[in-house]
Amino acid sequence: MNPILICRDCDTVYRAIPLRRGDVALCRRCDAVLARYFGASVESGLALVCAAAIFFAIANLTPILSIDIAGIETKANIWFAVRSLQQGWISVAAFGLAFTTFLIPAVQIALLFWVLLFARLGRRPPGFGPIMRLLHRTRPWSMTEVFLLGALVAIVKLANWVPITAGVGIWAIAALTAVLALLGRCDPASWWSIAPAVKT
Amino acid sequence: MDRRCPRCQSRIEHRTPFSTEMTLAWLIAGIVFYIPANLLPVMHTSGLLGEEDSTILGGIFEFWRAGDWDIALLIFIASVAVPFTKFIAIGLLLFTVRRNSRWQQHQRTTLYRIVEFIGYWSMLDVIVVALTSALMQFQMLGTAEPRPGIAFFCAVVVVTMLSALSFDPRLIWDRRT
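Line by line, the protein sequences give chains A and B. The numbering used here applies: residue 1 is where the first sequence begins, and numbers increase by one. The numbering used here applies: residue 1 is where the second sequence begins, and numbers increase by one.
Rather than coming from a laboratory, the hints here were simulated on the basis of the structure. Positions of the beta carbon are idealized from the N, C-alpha and C atoms, including for glycine. Don't take every hint at face value.
[As the list claims (entries may be wrong)] Some chain A residues flagged as far from chain B (calculated, every beta-carbon gap over 12 Å):
hint, residue
1, G22
2, F38
3, E43
4, L46
5, G88
6, A94
7, V168
8, A175
[As the list claims (entries may be wrong)] Calculated cross-link-like contacts (lysine to any residue; reagent style SDA-like; alpha-carbon spacing at most 25 Å):
hint, chain 1, residue 1, chain 2, residue 2
9, A, K75, B, Q139
10, A, K157, A, N60
11, A, K157, B, I60
12, A, K157, A, P63
13, A, K157, B, L141
14, A, K157, B, L39
15, A, K157, B, G67
16, A, K157, B, T55
17, A, K157, B, W121
18, A, K75, B, L39
19, A, K75, B, R65
Pulled out of the complex, with its shape left as it was, chain A reads as follows (with noise of 0.2 Å):
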């Protein structure tokens, strides 16, 4: 018997066929995707997320930005932004910032490989379940893609004053960008399905 599939938009209820590669399964009544062929194992996805890890890290480690006059150098990354923003109440400003282009893609980062380390172990990892809720939560709130274009439209708007470079860290932000979408496109709900192990 085939698992039952409920659309999240409209509540039609449907019965799932197996998908193959490059299929979307869409509701035939609002057009809301249902489901998505996924080709991701346990361990391509582990993959991807240390991929995700590293370039997480280079984009907090190194300049996004940065401008030179006469020898007196500034750069701007992710918590230069975030630091260039707590300014009294102005700071709430500054957390939304660090919340959602910071803390966000780190826990997600954190958490996707921590279920994926225990699938690839073939256990169940302490504390799944609330850790896929969380996932599927904080979907929403990420926002590197957002941050990469406002580095894009800082350098066209200060080019015309200073000279202005883009610093390794533009291309660790674009790269996660790509590698974070690569694994949000596999929404929790297909996490449950690739690692019989783990499920209740």
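Keeping the supplied structure of chain A fixed, place chain B upon it in accordance with the hints.
Coordinates of chain B only, in the frame set by chain A:
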């Protein structure tokens, strides 16, 4: 009764409780925050050309006048078009759901998904202001500092996202008597 998913332990609800009420409350908060976000300056710059406070709309206008129409358009979309689209779209969804309307159910569901997708791009201006302030720290040539408008704008983004997330699209398809 408290029913939970046997696999992940999340609470199972027929419909998100108080969905329309929460959506409306966050929507009103978003519209209220949007006013100071546009009236107050978002950035203060000082340099050889003097001191200046700039607002979001003022910034877009400056780019447009300087010939950078593409950047002006991008910031206009992220800071003006997206929030307004969200206000109108969520307002429309709430109004039709409250009235139990069966009008264009398919298109309204698509509209909901668009609102969900475009939501976070409005954060763009907050990031641009933060990066500019971090970089422009030259005592001689010029400095840039954030101003309260940007905090209100950040609040608009967060609150309108919460509004969209509170909305249960399944309500569009319900036929209540």
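Where does the structure disagree with the numbered hints, that is, which hint numbers, in rising order? 5, 6, 18, 19
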